[in-house]
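Q: Sequences are here, hints too, so could you generate the full structure?
Number of protein chains: 4
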Amino acid sequence: VTSRTPLRVRFAETDQMGIAHHSAYVVWCEAARVEWLRECGMSYREMEDEGLSLAVSEVRLSYRLSLRFDDAFVVETALTEARSRRFRFAYRVLKDTGEVAASGYSLHTPTSRDGRAVRLPERWLSALAPFVTPSGLEGE
Amino acid sequence: VTSRTPLRVRFAETDQMGIAHHSAYVVWCEAARVEWLRECGMSYREMEDEGLSLAVSEVRLSYRLSLRFDDAFVVETALTEARSRRFRFAYRVLKDTGEVAASGYSLHTPTSRDGRAVRLPERWLSALAPFVTPSGLEGE
Amino acid sequence: VTSRTPLRVRFAETDQMGIAHHSAYVVWCEAARVEWLRECGMSYREMEDEGLSLAVSEVRLSYRLSLRFDDAFVVETALTEARSRRFRFAYRVLKDTGEVAASGYSLHTPTSRDGRAVRLPERWLSALAPFVTPSGLEGE
Amino acid sequence: VTSRTPLRVRFAETDQMGIAHHSAYVVWCEAARVEWLRECGMSYREMEDEGLSLAVSEVRLSYRLSLRFDDAFVVETALTEARSRRFRFAYRVLKDTGEVAASGYSLHTPTSRDGRAVRLPERWLSALAPFVTPSGLEGE
Chain A
1 VTSRTPLRVR FAETDQMGIA HHSAYVVWCE AARVEWLREC GMSYREMEDE
51 GLSLAVSEVR LSYRLSLRFD DAFVVETALT EARSRRFRFA YRVLKDTGEV
101 AASGYSLHTP TSRDGRAVRL PERWLSALAP FVTPSGLEGE
Chain B
1 VTSRTPLRVR FAETDQMGIA HHSAYVVWCE AARVEWLREC GMSYREMEDE
51 GLSLAVSEVR LSYRLSLRFD DAFVVETALT EARSRRFRFA YRVLKDTGEV
101 AASGYSLHTP TSRDGRAVRL PERWLSALAP FVTPSGLEGE
Chain C
1 VTSRTPLRVR FAETDQMGIA HHSAYVVWCE AARVEWLREC GMSYREMEDE
51 GLSLAVSEVR LSYRLSLRFD DAFVVETALT EARSRRFRFA YRVLKDTGEV
101 AASGYSLHTP TSRDGRAVRL PERWLSALAP FVTPSGLEGE
Chain D
1 VTSRTPLRVR FAETDQMGIA HHSAYVVWCE AARVEWLREC GMSYREMEDE
51 GLSLAVSEVR LSYRLSLRFD DAFVVETALT EARSRRFRFA YRVLKDTGEV
101 AASGYSLHTP TSRDGRAVRL PERWLSALAP FVTPSGLEGE
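Protein chains in written order, with my numbering: chain A, 1 to 140; chain B, 1 to 140; chain C, 1 to 140; chain D, 1 to 140.
Keep in mind that a hint or two might mislead.
If we take Cβ atoms under 8 Å as the criterion, some of the chain D residues that face chain A in the derived model are [claimed, not checked]:
| hint | residue |
| --- | --- |
| 1 | 17 |
| 2 | 26 |
| 3 | 42 |
| 4 | 43 |
| 5 | 50 |
| 6 | 56 |
| 7 | 61 |
| 8 | 62 |
| 9 | 63 |
| 10 | 66 |
| 11 | 112 |
| 12 | 115 |
| 13 | 116 |
| 14 | 118 |
| 15 | 133 |
| 16 | 135 |
Computed from the model, here is a short list of chain B residues facing chain D with C-beta under 7 Å [claimed, not checked]:
| hint | residue |
| --- | --- |
| 17 | 4 |
| 18 | 6 |
| 19 | 10 |
| 20 | 11 |
| 21 | 12 |
| 22 | 27 |
| 23 | 30 |
| 24 | 49 |
| 25 | 69 |
Bear in mind the hints are in silico, worked out from the structure with no lab data behind them. Ideal Cβ positions, reconstructed from N, Cα and C, are used throughout, including at glycine.
A: So this is what it looks like as C-alpha cells:
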C-alpha cells in the first residue's frame, strides 16, 4: 500500500533562502507515516495510548528540488519492512508537477513507554503484514 | 530577580522575510523561563518529574524590531506573580545593541500529569516567593 | 467572512506533557490566516512575491483546553481590522466537539522587503475591505 | 578541526514520548555547522549576505540514545569534504556522560540566491581547505 498525503508549505516552515527548511520534511514524513497507518486501518495514536512507540532509529532524506511557501505537495509513503524489532518506511515528496522534491526512508524500533526496545506485539505485527511493500515506492 | 539568557537566532528559525519567525520567540521565552528557574535554584525538569507542569494559559508578545539569522540576543525574564493557581512571567528580548526587539508575558496554571489544574504545592510556592518581582522588568 | 481551516495535531507538535505545545498554535493561526486570504480570493504568496508582508507586530493567545496528538481541530479566522498600516486577525481553535481550545488575535504591519513599515497599496486594501468583520468571530 | 557546540534540550523540542523529537537533531546539527564555520574564522551569515548558501542535499542521522528535556549535550562537527560543488559535514551528538546519542552527516550544494547550484568561489574554498578533516570525527 502506498498512501498519498497532501500537504502545503506553511510560512513558518520557510527559511531565509525562501524555501521550505530541510527539517520540515522530517516532520512531514512523520505526519505522512501516521496517515499511512490510518489508511491501513491502524491508529498510531492508539498504539501510543497502549504504551508502544515506533521510535525513530534512523532518518535519511535526499533533497532534489526545493519547495516554496504555499506550494502544495504530496508525501507518498510505503512500509517496506515490518519485523517485530524493526520497521522501515520509504517516502517520496512530490511537487504538484509530479517531480520528486525529496525522497528517503526512516527506520524504527518498537519501544515501550520507559524507552526500552521491545518486540512489537503479534497483534500489531499481523495487522501490518498485509500492507508491507518490500519493493518500496514504485519507480524508486 | 531578573535573569538574562543569551541566545542566537538559528537558521531554522528564520523565515522567507529573512527574519526570525514570530513563533520562535515563544520558544525562546520558554527556554528563558527554564533558565530563570535554574538561576533561582529550582529545576523545571524536577517539577515535571514530580508530575507538575506550569501549563501555559496565555501568551502575549509584542514585536518591535526584527532579529536576523545569527543575531545574538538576550531574553530578560522576571516572575511577576506567583500564586498557588496562577503564575505570570514577563519577558523582554534585547538586541545586542540593547534595543528591545520584543516584550510580553505568559500566564501559567499549575497542572497535574493528567491535565487537571491543581494548587502548586506549598514547597514550590515558598521556594519561589522570594524571587517574585511584582513590578516586572525594569523600565517596562 | 469567517474561514474554517481543518487541521490535525502532528506528533512533532506534542511535548512531554502529552499535549500540543503552545507555540504550535501560533503556526496554526498563521496557516489559517493564509487560508482566510485564499478564501477571500487573495494570495498571501502573491503579496510576498510583490515584496509586501503582513509582519506580525503582536500575538495574543489564550489556551483553555488542550489538544492531543492526532486530534482533529478547526481554526476559525476573521479579519477584524484592515487599515493601510494595521491589520488585525481574530482566531478561535475549536475541538471537534465544538469546544473552544484556544482563542486570540494577531496584529500586523504592512512591511516592504527591506523591513520598513509601509502603507498597504490601495489595490490590496480595497480587495480586503469587503471581507472585514469588525465584530469579530461570532460568539467571541 | 572538530568543533564542540554545547546545547540543551528545550521543552518545545520534546514530544509525547518524553524525549527530544528526532527532527530537533537536524536543527541542532545546522546550528553546530554554523558554529564550526565561526570557529574556523568564517561566517555563514556573511556567506548568505553575499548570496551564497550551502543548500542541504542530503541528511542522514542515526539515533542511539534518547535525550530528555533539559539534558545538556554537545554536537561535535567536522567538515569531511569541501569541493567547489559539494560539502560534507559529519556530526556526533554526545550526552554529558560522553555516550553517543546520535551521529550522522549532511551533504551540501553551494547555491546562488536564485536557487541554482554554483561553484563555491575560490575565496571561500581556499579559506575552508585547511580545516577539512577527511577522516571524519575521531572514533567514528
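Q: For every hint, state whether the structure bears it out.
A: So, going through the hints one by one against the coordinates:
Because the beta carbon of residue 17 of chain D sits about 5 Å from the nearest beta carbon in chain A, less than 8 Å, this interface hint is met. About 4 Å separates the beta-carbon of residue 26 of chain D from the nearest beta-carbon of chain A, less than 8 Å, and the hint is met. Interface hint at residue 42 of chain D: violated, since its Cβ lies 18 Å from the closest Cβ of chain A, which is beyond the 8 Å cut-off. The beta carbon of residue 43 of chain D is not positioned within 8 Å of any beta carbon in chain A (closest approach about 14 Å), and the interface hint is therefore violated.
For residue 50 of chain D, the interface hint is violated, since its Cβ never comes within 8 Å of a Cβ in chain A; the closest pair sits about 13 Å apart. With its C-beta approaching chain A no nearer than about 4 Å, residue 56 of chain D sits inside the 8 Å limit, and its interface hint holds. Of the supplied interface hints, the one on residue 61 of chain D holds, with its beta-carbon coming within about 5 Å of a beta-carbon of chain A, less than 8 Å. For the restraint placing residue 62 of chain D at the interface with chain A, the shortest Cβ-Cβ distance is roughly 5 Å, inside the 8 Å limit, so the hint holds.
The beta carbon of residue 63 of chain D is positioned within 8 Å of a beta carbon in chain A (closest approach about 5 Å), and the interface hint is therefore held. Residue-level restraint check for residue 66 of chain D holds (minimum Cβ-Cβ distance to chain A is 6 Å; threshold 8 Å). At a threshold of 8 Å, the smallest CB-CB gap from residue 112 of chain D to chain A is about 10 Å, leaving the interface hint violated. Taking 8 Å as the C-beta cut-off, the interface hint given for residue 115 of chain D holds, the closest approach to chain A being about 6 Å.
Given the 8 Å rule on beta carbons, the hint for residue 116 of chain D is violated: about 11 Å separates it from the nearest Cβ of chain A. Because the closest C-beta pair between residue 118 of chain D and chain A is about 13 Å apart, greater than 8 Å, the hint is violated. Below 8 Å, beta-carbon pairs count as interface contacts, and residue 133 of chain D has none with chain A, the closest being about 22 Å; its hint is therefore violated. A least Cβ separation of about 22 Å between residue 135 of chain D and chain A goes past the 8 Å threshold, and the interface hint is therefore violated.
Interface restraint check: residue 4 of chain B against chain D, minimum CB-CB distance 16 Å, threshold 7 Å, status violated. The closest approach between the C-beta of residue 6 of chain B and any C-beta of chain D is roughly 13 Å, which is over the 7 Å cut-off, so the hint fails. Nearest Cβ of chain D to the Cβ of residue 10 of chain B: about 5 Å, under the 7 Å cut. The hint holds. At about 5 Å, the closest approach between the beta carbon of residue 11 of chain B and any beta carbon in chain D falls short of 7 Å, and the interface hint on this residue holds.
Interface hint at residue 12 of chain B: satisfied, since its Cβ lies 4 Å from the closest Cβ of chain D, which is below the 7 Å cut-off. Annotation: interface hint on residue 27 of chain B holds; nearest CB of chain D at approximately 4 Å, less than 7 Å. Nearest Cβ of chain D to the Cβ of residue 30 of chain B: about 5 Å, under the 7 Å cut. The hint holds. With its C-beta approaching chain D no nearer than about 9 Å, residue 49 of chain B sits outside the 7 Å limit, and its interface hint is violated.
Using the Cβ-Cβ criterion of 7 Å, the hint placing residue 69 of chain B at the interface with chain D is satisfied: the shortest such distance is roughly 6 Å.
In the structure shown, a violation is registered for the earlier hints numbered 3, 4, 5, 11, 13, 14, 15, 16, 17, 18 and 24, in ascending order.
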